[in-house]
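Model the full assembly from the supplied sequences, consistent with the hints where possible.
Protein chains in written order, with our numbering: chain W, 58 to 214; chain P, 72 to 249.
Bear in mind the hints are in silico, worked out from the structure with no lab data behind them.
As a list, the in silico EDC-like pairs of lysine to aspartate or glutamate whose alpha-carbon atoms are at most 20 Å apart:
id: 1; chain 1: P; residue 1: 198; chain 2: W; residue 2: 89
id: 2; chain 1: P; residue 1: 198; chain 2: W; residue 2: 115
id: 3; chain 1: P; residue 1: 176; chain 2: W; residue 2: 115
id: 4; chain 1: P; residue 1: 182; chain 2: P; residue 2: 120
id: 5; chain 1: P; residue 1: 225; chain 2: P; residue 2: 101
id: 6; chain 1: P; residue 1: 225; chain 2: W; residue 2: 147
id: 7; chain 1: P; residue 1: 182; chain 2: P; residue 2: 149
id: 8; chain 1: P; residue 1: 198; chain 2: W; residue 2: 126
id: 9; chain 1: P; residue 1: 198; chain 2: P; residue 2: 120
id: 10; chain 1: P; residue 1: 176; chain 2: P; residue 2: 120
Across the chosen pairs, the derived CB separations fall in these ranges:
id: 11; chain 1: P; residue 1: 107; chain 2: W; residue 2: 151; range: 22 to 30 Å
id: 12; chain 1: P; residue 1: 108; chain 2: W; residue 2: 160; range: 24 to 32 Å
id: 13; chain 1: P; residue 1: 177; chain 2: W; residue 2: 159; range: 41 to 49 Å
id: 14; chain 1: P; residue 1: 82; chain 2: W; residue 2: 154; range: 31 to 39 Å
id: 15; chain 1: P; residue 1: 247; chain 2: W; residue 2: 86; range: 42 to 50 Å
Quick caveat: nothing in here was measured; it's all calculated off a predicted structure. Glycine included, every Cβ here is placed at the ideal spot set by N, Cα and C.
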Amino acid sequence: MSRPVAVLVVALSVLALAVRPAAAQSGKPVSEDVVHEVAAQLRCVVCQNLSVADSPSEMAGQMRAIIRERLAAGESPAEVQRYFVERYGEWILLSPPRRGFNLLVWLLPLVAVVVGLAVTVALVWRWTHRRRGVRTAPVAVDPAMSERIRRELESGR
Amino acid sequence: MKRLWRWLIPVAVLPVLALLAYGFKVSPRDIPSPLVGRPAPAFALATLDGSPLSLEGHRGKVVVVNFWASWCYPACYEEAPVLERNWRGYRARGVVVVGVDIQDKREAAEKFVADFGLTFPVAQDLKGTVSVDYGVYGVPETFFVDRKGQIRVKHVGAVTDDVFRATVDRLLAEPSAP
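Spelled out as structure tokens, the structure:
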């Protein structure tokens with residue numbers, strides 16, 4: 058076998074291997090990465106706080122199959138997501154869309170961080186300044202008392 | 072200044088506590104279905120005894136689509152006699168009860184149907200496509216479809232006689248022509 062032919066054979070077999078798993082599905086070849094990407098944005102409906110991509114439940118498996126089928130039929134990932142939102146509501150999206158009332162969810166943590174930083178800076182500034190003030194303030198002590206303290210310290214009692 | 076701070080902290084904490092209290096009292100399962108008021112998704116399944124079952128085949132009737140599973144204890148076991156009783160009582164008046172068994176084994180489903188003596192059509196949704204079309208997230212869930220084919224009520228949890236009768240009577244009282 059001449060060298061260019063050998064290269065061609067290797068290249069073709071690599072290509073065939075890469076294409077085979079996707080071609081096994083009906084219709085358009087669908088990459089599992091795209092299925093995973095769509096599934097990861099959907100809430101698993103039978104479990105709480107798990108995505109369809111992460112849940113081992115039967116329902117999530119069926120939903121992944123539906124995602125795969127719809128993609129194979131030529132729908133875009135956004136269209137597949139819309140299909141689920143139309144049936145389950147925005148509830149099914151793990152991250153709420155950034156508009157309207159939902160913006161609060163995205164903005165409040167930022168506001169909290171800014172307010173928290175401001176409060177911390179203000180408090181630290183106040184504490185450091187108050188301590189210096191205390192140190193310099195003259196304290197009025199009865200001379201007789203201070204003489205007694207000095208004596209007792211010296212006698213080592 | 073000091074007095075202000077003493078009041079400000081509880082005042083700032085209260086709304087957060089109120090929000091948490093509200094959040095913990097609300098059930099995460101009570102989600103309004105976007106499908107209420109919209110046309111019921113069509114489906115074509117085969118019943119356990121092999122005859123075709125579709126929504127199209129019952130056009131013009133009030134259709135009660137009930138999603139259930141044999142492993143759904145106790146809610147599905149509570150509502151099965153209710154559904155059977157009301158199906159028998161209402162079928163002559165143009166009401167049909169349709170059972171859709173989801174995420175289940177065929178033998179278990181057949182045993183359930185035999186144990187309760189269910190006579191309304193029951194089909195298995197093996198691929199879960201009908202469940203997702205109806206936005207089902209658990210069993211039991213029941214959809215009341217009016218004579219124009221629109222989903223009017225979604226009931227989560229076991230259906231009671233009161234719920235069934237009140238809903239179906241209301242839908243039967245409506246004129247069937249649009």
